[in-house]
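> This is what each chain is made of:
2 protein chains.
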Amino acid sequence: MSESKLQLVLKTAKGTKDWADKDMVIRQHIFETLTKIFKKHGAITIDTPVFELKEILQGKYGEDSKLIYDLKDQGGELCSLRYDLTVPFARFVAMNNLDKIKRYHIAKVYRRDQPAMTKGRMREFYQCDFDVAGTYDAMIPDSEVMSILVDGLTSLGIDDFKIKLNHRKILDGIFQIAGVKDEDIRKISSAVDKLDKAPWEDVKKEITVEKGQTEEVAEIIGKYVKLKGSLQEVIEILEKDEGILANEKAMEGLKDIKLLKDYVESMEIDSYISFDLSLARGLDYYTGLIYEAVTAASAPPKDAQEKKEQALKEKSSKKSKKAAKNAGEEDDASAYVGVGSIAAGGRYDNLVAMFSEATGKKNSPQIPCVGVSFGVERIFSIIKARSNLDKISSVSTQVYVMAFGGGPEWNGLTSDRLRILKKLWDNGIEAEHMYKGKVNPRKQFDAAEKSGAQIAVILGKEEYLEEGKLRIKKLGPEYSDDDGELVDAKDFVQLVQTKLAEMKEANGGLDEITKLVKGI
Amino acid sequence: MSESKLQLVLKTAKGTKDWADKDMVIRQHIFETLTKIFKKHGAITIDTPVFELKEILQGKYGEDSKLIYDLKDQGGELCSLRYDLTVPFARFVAMNNLDKIKRYHIAKVYRRDQPAMTKGRMREFYQCDFDVAGTYDAMIPDSEVMSILVDGLTSLGIDDFKIKLNHRKILDGIFQIAGVKDEDIRKISSAVDKLDKAPWEDVKKEITVEKGQTEEVAEIIGKYVKLKGSLQEVIEILEKDEGILANEKAMEGLKDIKLLKDYVESMEIDSYISFDLSLARGLDYYTGLIYEAVTAASAPPKDAQEKKEQALKEKSSKKSKKAAKNAGEEDDASAYVGVGSIAAGGRYDNLVAMFSEATGKKNSPQIPCVGVSFGVERIFSIIKARSNLDKISSVSTQVYVMAFGGGPEWNGLTSDRLRILKKLWDNGIEAEHMYKGKVNPRKQFDAAEKSGAQIAVILGKEEYLEEGKLRIKKLGPEYSDDDGELVDAKDFVQLVQTKLAEMKEANGGLDEITKLVKGI
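Which chain is which? The protein sequence lines are S and L, in order.
At position 491 of the first sequence the residue is numbered 491 (UniProt numbering), and the sequence of numbers has no breaks.
At position 408 of the second sequence the residue is numbered 408 (UniProt numbering), and the sequence of numbers has no breaks.
In case anyone wonders, no lab produced these hints; they're calculated from the structure.
Backbone N, C-alpha and C define an ideal beta-carbon position, used for all residues, glycine too.
Please note that a few of the clues may not be correct.
Said to hold, decoys possible - Partial list, computed: chain L residues near chain S (C-beta under 7 angstroms):
| # | residue |
| --- | --- |
| 1 | L10 |
| 2 | P49 |
| 3 | E430 |
Work out the full structure: start from the sequences and follow the hints.
Next comes the structure, spelled out in structure tokens:
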């Protein structure tokens, strides 16, 4: 017992992990794909610190605030790790008195939540956010954000998704129609948000028994929030509904939705959208359109409840056996949760002004914002689950430099190899060699194969030392008969480039990671 | 007083800052340039969490450990923000039982140090690390790392740097020759390391008065550590030195240096290197070659001491006036420090085994490592100080879509604009429009100019609605006479692409950020 205490356990902290090799290649490809899309829409990028002053984050996340990581008080300011990229963005806009900005931000955020590692639900994870701040005409930036959402997912080979969409003003209108008091709206809203995971009966019970609304109120809410379908279908129903027609807030929202319908039809992305009146989203700061993209992997497994109970039973039996104090640190919910939404966002028109006003400025201008956030690890888990990674290489090596020779004075020509390598590097060519003086050819070919190099540049003892020649040979099983071509050592680079171009053309020109993600 | 307490101060935490606009363009260019170089050398990339278990970092940084940020104990594991990328790398290698790996890692690290923001010395900053782990022949990976260091800085337009280089075994040998006890070596070493900032007399005083060595010991140390010059020059002196010749450790180091000299000469990077026996480097874990790159901006200003005293005086006078409690948080040392080294590294052969052994494994294999770390913010500050950023654009917009028209039924053709934009986006073209329904042409041209777009796609009321035509016009003062070209709306994309290619060719084909960094 005391011995194990002295020993270090080599691990990463709970809910975090190292990324390497092919996983990194996929994740980098996700970043690059999304970055290219964000840039297509004229966004700049910003980078804010990983930690913010604690008070910047306070009061922004409702009951999720308990999941915020704080830094230890080591003297000086009290700080917390950022929980999302939206609040730091709003702080940035307010702090710099910007009246408009279009930005993307790809960075890590932190939540002390129950992890489900294989489902991409982690304590340290990336968000890829695109947001438009500024006062514009209704639904024009919003519809562009929807098109970015579609472009982002389809570019990553995900086509079987649905965008659940709703409008906070319509939702709030419904609660008013049902007779919910204004101060109760957010908590009833969060009950309704559970409709994707629980049957209406459970949600109704929460609304009435737990949250004190009458049966009648619940029934009216139920009538509306069970509505979903295409924008066209649900608009038609709402336009004939007397409750909606008489409610100012709901009508404002409906006007937005009708405009949005025109715009997404013009962009031919309407087929992805499901207008779903049960979507509420947890965060307090949304004020208009809200949406989230889901796929088949988003939902928990059918037997989630059983699996969860099983996991809890195992955990408590471990505890009763007085297992190591932090066995609980190993908990993982992967068995009984789904991937969840893979991208989500909405309109938040008051967050920037909230910051400006908190600094004591009177009459701070409202800076309306709308944005979307892609959940990279969740998207990653979907791509990885469906892909064969065999062909992906995590290194870019194109050329392997080797030296063949022997005899008593043979030294492996290390200095000469380095001279050759330097020329390749200076010409932008990815090239490696074995970090050894004397090695036999077999080992060098094996190392070249492992590196994924396509060309060998060989310093043969006689060829190089007596004739000043290098041998350039194509690698790979299909070129096993290729003896290579001799070339003057002083202009070998051009021949290497020619052969690399030939091989790239033979391979179809597309890199393996693009083929994999696109399912080609 | 009480009012100001209620008000939020919108700021980032001490020693951290937001990055945006052109600064981001420069920094991204640094990342991309270094990434390309790292990939040329066959490295994979890894990503480790921002925080590690506290015990992983403990005992690795000597007296700098006090600068580590800890997370608050909120239940569960105790964690700290990473201090560098080297210790997490060694943890990764040990945890995965790797016997070799070549990796690069570009990520933020955290140090609770006195910031000097305009000199790129911050509490949150990026490191760009390249490391080779594995058992190889002497100096082969080391010399490749030196070539990466040279390639990295010259590719970023920095040519006027010097690599100060030394060998821990030679340094330790010198201390043995002088008669320093083994247990005192590291503290004498850190005194010697100050020779780049202080005269020998001050260093000698520290060695004798503060650190208890005799005058004689100090004199012998002084004789050696004042030596510096080309590899050739210093090797010649050491090879004739009887003390060195009789010291086993120093001779081992010298053998390495002689081999290195051959290799760096083969790669023609020897002219950058200054063999400087006073270089010691603070970190405990180095065991062989150590080096750091410096430029003219690295040193503090000549009147640093006066400026520092001035700053301290101002600070204490503020305090005496009972200024706000955390006025101290604003301290910045930019006025009296230099940029410091802009890249540094060395060989650390024992760090991985230290982790393996701490887990209780007996006879863990030694995994020797060598690497280099680029200080991005410091390099950034040099590039920014010498550059004219006027031509740099922080957005990539190529095309601006406009609608011209008027009259009572004019609606701005928003849906049509979105249809046109979607086609551009789908073809990978960066395109924007104004997020407004009806806007006059002047405002649209102004917005296009601000966006940096090169081409306007214009929906003219009659041309578009009656003839189904779009007008494609080049933008910019040199094309003010261009009335544009009418094209069928269904195949306008090709004409846009042709015109963009023409304009790119006219511009020389090089992007502005490359021209700026390279000083073209």
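> Hint numbers the structure violates, sorted upward?
none
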